[in-house]
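K.L.:
Letter by letter, the chains look like this.
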Amino acid sequence: MSKKEEVVLETGEKIESIGPWRIAWRKFCQNKVAVAGLVIFVLIVISVIVVPMVLGYSIEDLDLTNANQAPNAEHLLGTDDQGRDCLYRLFMGGRISIMVGLIAALITVLLGCVIGGISGYYGGKVDNALMRFCEIVYSLPFTPMIIAVAATMLWVPQQQKMYAVSLIIGALSWPGLARLVRGQILALREQEFMQACEALGFSDFSKIFKHLLPNVISLVIVNATLQMAGAILTEAGLSFLGMGVQIPTPSWGNLMNLARNSQVFRQFPWQWIPSGIMCLLTVVSINLVGEGLRDALDPKEIQ
Amino acid sequence: MVKYIVKRVLTMIPVLLVISMVIFATVKAMPGDEVTAYFGPGARVTEERRQEVREQLGLDKSKPEQYVRWLGRFVTGDLGQSVTLRKPVASIIGNYVWNTFYLNVVSLIVALIFAIPIGIRQAVKKGSAFDNFWTVFSLLGTSVPTFFFALLLIYYVALNIPGMPINGMRDPMLSSFGYANIFQEISDVAVHSILPVIVLAFSTFASFSRYVRNAMIDVINMDYIRTARSKGLKEKVIIYKHAFKNAQIPLVTLLGLYIPSLFSGAVILETVFVWPGIGNVLINAITQRDTSLVMACLVFSAILMLIGNLLSDVCYSLVDPRIKVDE
Numbered sequence: 463m464s465k466k467e468e469v470v471l472e473t474g475e476k477i478e479s480i481g482p483w484r485i486a487w488r489k490f491c492q493n494k495v496a497v498a499g500l501v502i503f504v505l506i507v508i509s510v511i512v513v514p515m516v517l518g519y520s521i522e523d524l525d526l527t528n529a530n531q532a533p534n535a536e537h538l539l540g541t542d543d544q545g546r547d548c549l550y551r552l553f554m555g556g557r558i559s560i561m562v563g564l565i566a567a568l569i570t571v572l573l574g575c576v577i578g579g580i581s582g583y584y585g586g587k588v589d590n591a592l593m594r595f596c597e598i599v600y601s602l603p604f605t606p607m608i609i610a611v612a613a614t615m616l617w618v619p620q621q622q623k624m625y626a627v628s629l630i631i632g633a634l635s636w637p638g639l640a641r642l643v644r645g646q647i648l649a650l651r652e653q654e655f656m657q658a659c660e661a662l663g664f665s666d667f668s669k670i671f672k673h674l675l676p677n678v679i680s681l682v683i684v685n686a687t688l689q690m691a692g693a694i695l696t697e698a699g700l701s702f703l704g705m706g707v708q709i710p711t712p713s714w715g716n717l718m719n720l721a722r723n724s725q726v727f728r729q730f731p732w733q734w735i736p737s738g739i740m741c742l743l744t745v746v747s748i749n750l751v752g753e754g755l756r757d758a759l760d761p762k763e764i765q
Numbered sequence: 109m110v111k112y113i114v115k116r117v118l119t120m121i122p123v124l125l126v127i128s129m130v131i132f133a134t135v136k137a138m139p140g141d142e143v144t145a146y147f148g149p150g151a152r153v154t155e156e157r158r159q160e161v162r163e164q165l166g167l168d169k170s171k172p173e174q175y176v177r178w179l180g181r182f183v184t185g186d187l188g189q190s191v192t193l194r195k196p197v198a199s200i201i202g203n204y205v206w207n208t209f210y211l212n213v214v215s216l217i218v219a220l221i222f223a224i225p226i227g228i229r230q231a232v233k234k235g236s237a238f239d240n241f242w243t244v245f246s247l248l249g250t251s252v253p254t255f256f257f258a259l260l261l262i263y264y265v266a267l268n269i270p271g272m273p274i275n276g277m278r279d280p281m282l283s284s285f286g287y288a289n290i291f292q293e294i295s296d297v298a299v300h301s302i303l304p305v306i307v308l309a310f311s312t313f314a315s316f317s318r319y320v321r322n323a324m325i326d327v328i329n330m331d332y333i334r335t336a337r338s339k340g341l342k343e344k345v346i347i348y349k350h351a352f353k354n355a356q357i358p359l360v361t362l363l364g365l366y367i368p369s370l371f372s373g374a375v376i377l378e379t380v381f382v383w384p385g386i387g388n389v390l391i392n393a394i395t396q397r398d399t400s401l402v403m404a405c406l407v408f409s410a411i412l413m414l415i416g417n418l419l420s421d422v423c424y425s426l427v428d429p430r431i432k433v434d435e
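Protein sequences appear in the order of chains A and B. According to my numbering, the first sequence is numbered sequentially starting from 463. According to my numbering, the second sequence is numbered sequentially starting from 109.
Honestly, I wouldn't trust all of these hints.
Unchecked claim - Here are some, though not all, of the chain B residues that point toward chain A, as calculated from beta-carbon distances under 10 Å:
no., residue
1, V130
2, I131
3, M138
4, F256
5, S369
6, I376
7, G387
8, R397
9, V402
10, S409
11, M413
12, N417
In short, the hints are calculated from the structure, not lab data. Bear in mind the structure is a predicted one, so any value in this text is a computation, not a measurement. C-beta: ideal position from N, C-alpha, C; glycine also.
Given these sequences and hints, build the entire structure.
P.N.:
Printed below as a string of structure tokens:
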């Protein structure tokens, strides 16, 4: 991606040739808002990794004598009803929430690319069947369905709950991407390089995954970014209802769930406000990056 | 056009059939059973009575048989009984859906009143401070978890205003003793709607204003707008009469897609404000394993989704005569 290639002209002059990725990166860097988003997001990721390590608590730590303390020198963000450090839980929750977003986005991308790719490449009956399937998943009411499926997952142990949540979100989010990918592949399939692939005797697998899908990568990247932001919000909603990630494992959603207790809501705001702000900040930064990428990768706008 | 709609509705049927199977399987996969829900948690009931109820609800049959029985009843319009509320599901949905609809329609109207003029001005003054401010504003609207915004609003604003209701749709005292007159009822509901409408309108505003802005930017750059300018038309006429007419096309599509969600509502937000809407009913039904109520709510939302997709395609061709859906 960052490899510099030099092209020597007939005149002996050397010029730097820049690939599409480099052009995109340059355009992205010119977009100050997008860069700010990226910086904020990177800072958040670093802090959710580092802060819990520095604080050195563990998820199971309890200290009932110090329950519900207001922010103080020892506990910068106070403690919750079990005497757990809120700052630690805030950043640990961030790890979980961002992981859920990441895994859900990966599942969406995987399913969207495979199903969209196969559908667009084969066309005909396969396409018809897959697109019907797509329509079915697409027509399932998203939030209610996520809640209903999450209610069936009660048997999943508490530590693995976050993976179940990511899986549910990913498994219900792919149809949009699959349709986009299919549409693009349908057009690409008719181009000349596909005839070359045919002549060289490549397998269908390599044609789809090595030659067709890389052409839609920019679309997929932008979609994945926005998907991740959406998944973080969905997880927050689900856990807020008490149906997502379960305590003692924290997530931004279930930290905000504490606010449903009216005493916590009115008297201990440090237990729920910071998680909402972090969640908002993260989603804003990811959306900014996503939009920056969309502009940077849009071939229509190459300068 | 009629032929097209009929065709689309017919293809919906198999899709809906599969969707209902998926929903049925999901509902049946939830742990806990309906018999317990029937008696309420922790009730002491003899095993014989339980068995009786189980047979009465048809739970002694195999799962596929239960599905076929459900489908048979569904087709004839019988949605079954809610085991927790002991009322026909159809009447429960019929009651609560209008509360959801009312909340959503008011929010949508409020959102559009702001989104359309602001979106247009943003497009006209693209890149200005005005544009940037509202872009950030709408970015926040799409990025904030709605329930968090709701909680903040209650915490920082509503709790400081004496007499500001923070949940429900009516005052419990007033509604149980009866309103003195219609105006009292209207003002009671209106006061209770303020917070939920602000929150919902904020997130709706965010997506609509972006849409209007982007659609207008596309249109303003077109040749016919330049022609209109060179003809010496007033800027107001150009923007609001010539340009906005074409910018309506994507807007109408979005609206078509949006109509069904007016009925299915914002599930989580209704929970925060304890709004007696369909979303709240659904959440309670899921937590209490009220199977027929969950089934009905989910299938209802799925049907609305399908209708919304159709509606948005139809609207598209109605607004833009260049597009013919029949082909």
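K.L.:
Hints numbered earlier in the text: which of these fail when held up against the supplied structure?
P.N.:
none
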